[in-house]
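Turn these sequences into a full structure, and let the hints guide you.
So the chains spell out like this:
2 protein chains.
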Amino acid sequence: MTGQPAGRRPGESGTREAILAAAKEAFATQGYAATSLRSVARTAGVDPSLVTHFFGSKDGLFEAAIELPVEPGALVDGLLAGGVGSLGERIVRTFLLVWDSTPGQGPMLAMLRSAVSHEDSAAKLRELLLRVILRPLAHGAGGDQPDRRAALLASQVVGLAMTRYVLKLEPIASASPDQLAPVMGKTLQRYLTGPL
Amino acid sequence: MTGQPAGRRPGESGTREAILAAAKEAFATQGYAATSLRSVARTAGVDPSLVTHFFGSKDGLFEAAIELPVEPGALVDGLLAGGVGSLGERIVRTFLLVWDSTPGQGPMLAMLRSAVSHEDSAAKLRELLLRVILRPLAHGAGGDQPDRRAALLASQVVGLAMTRYVLKLEPIASASPDQLAPVMGKTLQRYLTGPL
Chain A
5 MTGQPAGRRP
15 GESGTREAIL
25 AAAKEAFATQ
35 GYAATSLRSV
45 ARTAGVDPSL
55 VTHFFGSKDG
65 LFEAAIELPV
75 EPGALVDGLL
85 AGGVGSLGER
95 IVRTFLLVWD
105 STPGQGPMLA
115 MLRSAVSHED
125 SAAKLRELLL
135 RVILRPLAHG
145 AGGDQPDRRA
155 ALLASQVVGL
165 AMTRYVLKLE
175 PIASASPDQL
185 APVMGKTLQR
195 YLTGPL
Chain B
5 MTGQPAGRRP
15 GESGTREAIL
25 AAAKEAFATQ
35 GYAATSLRSV
45 ARTAGVDPSL
55 VTHFFGSKDG
65 LFEAAIELPV
75 EPGALVDGLL
85 AGGVGSLGER
95 IVRTFLLVWD
105 STPGQGPMLA
115 MLRSAVSHED
125 SAAKLRELLL
135 RVILRPLAHG
145 AGGDQPDRRA
155 ALLASQVVGL
165 AMTRYVLKLE
175 PIASASPDQL
185 APVMGKTLQR
195 YLTGPL
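Protein chains in written order, with our numbering: chain A, 5 to 200; chain B, 5 to 200.
Since the list can't tell identical chains apart, any single copy or any two copies may satisfy a pair.
Below 25 Å or equal to it, Euclidean Cα-Cα: the simulated DMTMM-like pairs (lysine to aspartate or glutamate) are:
hint, residue 1, residue 2
1, Lys128, Asp104
2, Lys128, Asp151
3, Lys128, Glu174
4, Lys62, Glu21
5, Lys172, Asp148
6, Lys62, Glu123
7, Lys190, Asp81
8, Lys172, Asp63
9, Lys190, Glu174
10, Lys190, Asp148
11, Lys172, Glu29
12, Lys172, Asp151
In case anyone wonders, no lab produced these hints; they're calculated from the structure.
Remember, predicted model here, so these are calculated numbers, not experimental data.
Structure representation (structure tokens):
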């Protein structure tokens, strides 16, 4: 705890919120690659060292800004705890819940935007999506070739995000989770546990 | 045929090729929205009226630059002529054949790039993908709710393009068509003819 310039003081949580708000705005409008800790600090009107103090790194700031309803590890554990039988459908519902409740679909869509034009952003999204969420799910579901299954999951999950939020392709764009989850959930279920 | 400034003359096919080469380059690097008939003409060193003469419109130029191995209507007819039974798998093979054989995946990837940041490009890609290819396939396959099926097809086809060429997500990025077509083809087959 030595070397931190600020420490606990009145207004600390306000500062953290200001940084997070600036980060969400920056990730959503400029994408992951173009967002720097320095520019976020400037927008929030704080010293850059405070961004590191609260969030550790750009990755940490990004993961906080994604606004998953729970921490990703807990989310994956929660999905797996519900059993493997309906896992595909519950994955679709969870992604839709997170994306639909985030204005502009938040940083995840910003990363998709960056990924199509910047190789390093593509690498970052690939890494986050696979490492944090889909590989743990595929491994937890217990099928063979879990990494191949995780990639297949990604193809349908990313395709859902692209058609619903980017291409706004009807009737997927306006469909309710209850309409989408059963039909796409079956695809994810096969990618998770079916024969490949 | 009146009002055309050029008519048949020596070098006509060379001029057409020069325009097409400039268009492929422009669509691939700048995306659909930022490419104009005027800028393509300038790059090709021809009068803009010649672009209209050979390709009719920006859409016509784009469809020519996509470099589908056959005209889209003929492609759809060919796929449907092979029967509905293995249609899903053959659709995957056809998309992979077109994309894998086009350097940088050509204008289709350029349109994906434009679509994530420009609403009009998203509308254009949505329109082309649905109108020219996926709706005719879904209608031809004879299932109920063909427009809903076409949107589901789009979600997996676009997801395949994103994971293979943009995110370069392994093992999908390096997989052969023989490895990908059976497993993703089953998904498309269900979206085409299965219960929804």
